[in-house]
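> Sequential numbering from 1 applies to the sequence shown in this note's numbering.
Hints are supplied without guarantee of correctness; some may be wrong.
[As the list claims (entries may be wrong)] Only pairs whose alpha carbons sit at most 30 Å apart, straight line, appear in this in silico DSSO-like list of lysine-lysine:
(1) Lys-22 / Lys-55
(2) Lys-81 / Lys-142
(3) Lys-207 / Lys-22
(4) Lys-152 / Lys-118
(5) Lys-81 / Lys-55
(6) Lys-81 / Lys-118
(7) Lys-152 / Lys-55
(8) Lys-152 / Lys-125
(9) Lys-22 / Lys-118
(10) Lys-47 / Lys-125
(11) Lys-125 / Lys-207
(12) Lys-142 / Lys-125
(13) Lys-81 / Lys-207
(14) Lys-125 / Lys-217
(15) Lys-118 / Lys-47
(16) Lys-47 / Lys-207
(17) Lys-207 / Lys-217
(18) Lys-217 / Lys-47
(19) Lys-207 / Lys-118
(20) Lys-125 / Lys-81
(21) Lys-55 / Lys-118
(22) Lys-142 / Lys-118
(23) Lys-142 / Lys-217
(24) Lys-142 / Lys-55
(25) Lys-142 / Lys-47
(26) Lys-152 / Lys-207
(27) Lys-207 / Lys-55
(28) Lys-47 / Lys-81
(29) Lys-125 / Lys-55
(30) Lys-22 / Lys-142
(31) Lys-142 / Lys-152
No lab work stands behind these hints: they were computed from the structure.
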Amino acid sequence: MPQSDANDMQYGPSDPTVEVLKQAVSARLLHHPDRSFAIEVTLDLVKGAEFFSRKPPVHFHVQGEYIESLEGRLGLEIEGKELVLTPEHGRFDIEPFVNHRSYPISLDRQEQGQTTVKFLLSGEKTDNVAELNPIFFENWYKYQDDVVVNGKWIDLIQVFCFFDAGGTYLTLPWWVPFRQSVSIGLGIILGRWVGSGLLGYQPFYRKWTSDWELACKVMEANLFQRRFSVRDKED
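With the sequences and hints as input, model every part of the structure.
The structure is reproduced here in structure tokens:
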């Protein structure tokens, strides 16, 4: 039997839910006893037709990640090769530092009548301060909504700042020497040192964060971000 996290997810009536891209994406923040974060993501392929035609950027994490389709066909690109996950496959484990991206398979490749894709995403617990957590996803999803729906210019330094705080780094072209080390270095230099240290970019914003106490604790552990850890701040 394939491994599954579905039975270990803990649902509650007050689980924060993030809806973006004109309600085409709904992410419910859950709890899993053995994970640093857990979310249930629902993608409406009809509402998101104009958004899902473009795949997200390829990236990697410094921690392991777990992904599992609950409904529909979910695309998962691993080191340049596409896998199509269905509920029958169970959980797929993505090892640290593996280049990947996930995306919904288009309507014409779904089972007849299937208009939504639902999947579970979670990450392993680590001792790293910068790791994937629920507040990273809240801020990253809301920022994408600002750019895609509200038409704001994408700010690469802000992206580097978000990603570095979540232990996530963009995959550079294959021909870049030591490309993963270079990518991590860019995240630290541009996102942390220049972005947060010199230019005042925050990795988390209160207006997008349901657990501001957690955000403050994460930022307090970082020399360049601790000045943003103001518990009564309104922004």
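> Each hint should be assessed against the structure and marked as holding or not.
Evaluated hints:
1. Lys-22 / Lys-55: holds (17 Å)
2. Lys-81 / Lys-142: holds (29 Å)
3. Lys-207 / Lys-22: Holds: Lys-207 and Lys-22 sit about 18 Å apart, inside 30 Å.
4. Lys-152 / Lys-118: Holds, at roughly 28 Å.
5. Lys-81 / Lys-55: Status holds; Cα separation ~14 Å.
6. Lys-81 / Lys-118: Given that 30 Å is the threshold and the Cα spacing comes to 21 Å, the pair holds.
7. Lys-152 / Lys-55: With Cα atoms ~19 Å apart, Lys-152 and Lys-55 stay inside 30 Å; holds.
8. Lys-152 / Lys-125: violated (34 Å)
9. Lys-22 / Lys-118: Satisfied, since the Cα-Cα distance of roughly 17 Å is no more than 30 Å.
10. Lys-47 / Lys-125: violated (34 Å)
11. Lys-125 / Lys-207: Given that 30 Å is the threshold and the Cα spacing comes to 26 Å, the pair holds.
12. Lys-142 / Lys-125: Holds - the C-alpha atoms of Lys-125 and Lys-142 are around 24 Å apart, at most 30 Å.
13. Lys-81 / Lys-207: Violated, at roughly 37 Å.
14. Lys-125 / Lys-217: At roughly 16 Å apart (the allowed maximum being 30 Å), Lys-217 and Lys-125 satisfy the hint.
15. Lys-118 / Lys-47: holds (14 Å)
16. Lys-47 / Lys-207: Since the Cα atoms of Lys-47 and Lys-207 sit roughly 25 Å apart, the hinted pair holds (cutoff 30 Å).
17. Lys-207 / Lys-217: holds (17 Å)
18. Lys-217 / Lys-47: violated (36 Å)
19. Lys-207 / Lys-118: With a Cα-Cα distance of about 26 Å, the restraint between Lys-207 and Lys-118 holds, given a limit of 30 Å.
20. Lys-125 / Lys-81: Holds. Lys-125 to Lys-81 sits at ~27 Å (cutoff 30 Å).
21. Lys-55 / Lys-118: holds (17 Å)
22. Lys-142 / Lys-118: holds (19 Å)
23. Lys-142 / Lys-217: Roughly 21 Å between the alpha carbons, so the hint for Lys-142 and Lys-217 holds.
24. Lys-142 / Lys-55: holds (17 Å)
25. Lys-142 / Lys-47: holds (17 Å)
26. Lys-152 / Lys-207: holds (17 Å)
27. Lys-207 / Lys-55: holds (27 Å)
28. Lys-47 / Lys-81: holds (27 Å)
29. Lys-125 / Lys-55: Holds, because 27 Å separates the two Cα atoms, which is no more than 30 Å.
30. Lys-22 / Lys-142: holds (11 Å)
31. Lys-142 / Lys-152: holds (12 Å)
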